[in-house]
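Visitor: Sequence:
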Amino acid sequence: MIMVTGASGQLASLTLQELADRKVPALGGSRTPADGQRRLDFDDPAGLDLTGVSTLVLISAGYAEDDQVIARHRALLDAAVRDGVEHVVYTSLTATGDHLGFALAHRVTESLVRASGLAWTILRNGLYAELFGALLAWTPDGVESAFGDGALAAVARADLAAAAAVVAGDRTAHVGRVYELVGTPITADGVAERLRVAHRTIGLGEYRARLLADDTLLPFQPPMLASIATSVRHGLLGGSGPDLAGLLDRPLTDALTVASATAAATRPGAR
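So the sequence shown is numbered by my numbering: it starts at 377 and just counts up by one.
Hints may contain errors.
As the list claims (entries may be wrong) - Label-pair restraints from in silico Cβ distances: (1) Thr548 - Ala410: 26 to 36 Å; (2) Pro401 - Gly581: 44 to 54 Å; (3) Asp420 - Pro644: 38 to 48 Å; (4) Gly493 - Arg398: 24 to 34 Å; (5) Gly428 - Ala641: 37 to 47 Å; (6) Glu582 - Arg483: 29 to 39 Å; (7) Asp474 - Ala513: 21 to 31 Å; (8) Asp420 - Asp630: 35 to 45 Å; (9) Asp425 - Arg570: 20 to 30 Å; (10) Gly581 - Arg407: 33 to 43 Å.
Since the hints were derived computationally from the structure, they do not count as laboratory data.
Glycine residues also receive a C-beta, built at the ideal position from the N, C-alpha and C atoms.
Work out the full structure, taking the sequences as your base and the hints as a guide.
Guide: Here it is, written out as structure tokens:
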């Protein structure tokens, strides 16, 4: 049986839907399980139950400090070994993101996966097109960002979910493989042009000050977001590659369309 962790999250729920569409039986695991799902709380190691699971799709339990994320992943991998899981598919971060503020937890988890003794596949996901669009801020004159004219090889979340479903559904074909799942480069100027508005670039100092002043953000989030902005701005995340299209055996979803739609949905007054 396949289990996908973080079932209430967007990537995991899309992965479960992809598996269902392919008629591949799969079970969702979640801290707050829906009907037909199994409770899986990474912060309760004693309660982790992976019995009957042959392939574990470990969706990264990010959005926390590195030590907490790594402890969660270690606990789940220990349970996987204990309960007889055979194959772990881990959704990591593209190699070009090594300098990002949230890369460390991914790289440590990759090491834990490799050292677990289980068969493994690592999916190094690029940043979401949806995220790129959401990070553009609306002004009366259009949109602004700290991205400058830098490009991001953004990926639609649905394409990454489809890739995870492909790998989980045919594990023997992908054991021991590391896939770099990045898309076609897009820019903030390109999104603005698609939206028929102007794009204004702000400095990284101004952007960081805004992040630090935002009391809705958790302490680890401002440096994480600033690292994305400077990495895009200075050309470190724009490289494309063939792995994703190869796994899907179809053209990729247009990242510019996805990013533009996300940005449009956050426009003041949009419904």
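Visitor: Decide, hint by hint, whether the structure agrees.
Guide: Verification of the hints:
Distance hint check for Thr548 and Ala410: the Cβ-Cβ separation is about 30 Å, which falls inside the suggested range of 26 to 36 Å. At about 52 Å, the beta-carbon gap between Pro401 and Gly581 stays in the expected band of 44 to 54 Å. The hinted range of 38 to 48 Å is satisfied by Asp420 and Pro644, whose Cβ atoms lie roughly 41 Å apart. The beta-carbon spacing between Gly493 and Arg398, approximately 29 Å, falls within the hinted interval of 24 to 34 Å.
For Gly428 and Ala641, the Cβ-Cβ distance of about 40 Å falls inside the hinted range of 37 to 47 Å, so the restraint holds. A beta carbon spacing of about 30 Å between Glu582 and Arg483 agrees with the range 29 to 39 Å that was offered as a hint. Under the hint 21 to 31 Å, the C-beta atoms of Asp474 and Ala513, about 27 Å apart, fit the expected range. Judged by the Cβ atoms, the range 35 to 45 Å given for Asp420 and Asp630 holds: they are separated by roughly 41 Å.
Range check, Asp425 to Arg570: Cβ separation about 46 Å, and the 20 to 30 Å hint is violated. Gly581 and Arg407 have their C-beta atoms about 38 Å apart, which keeps the hinted 33 to 43 Å range intact.
Hint compliance for this structure: hint 9 is the single one not met.
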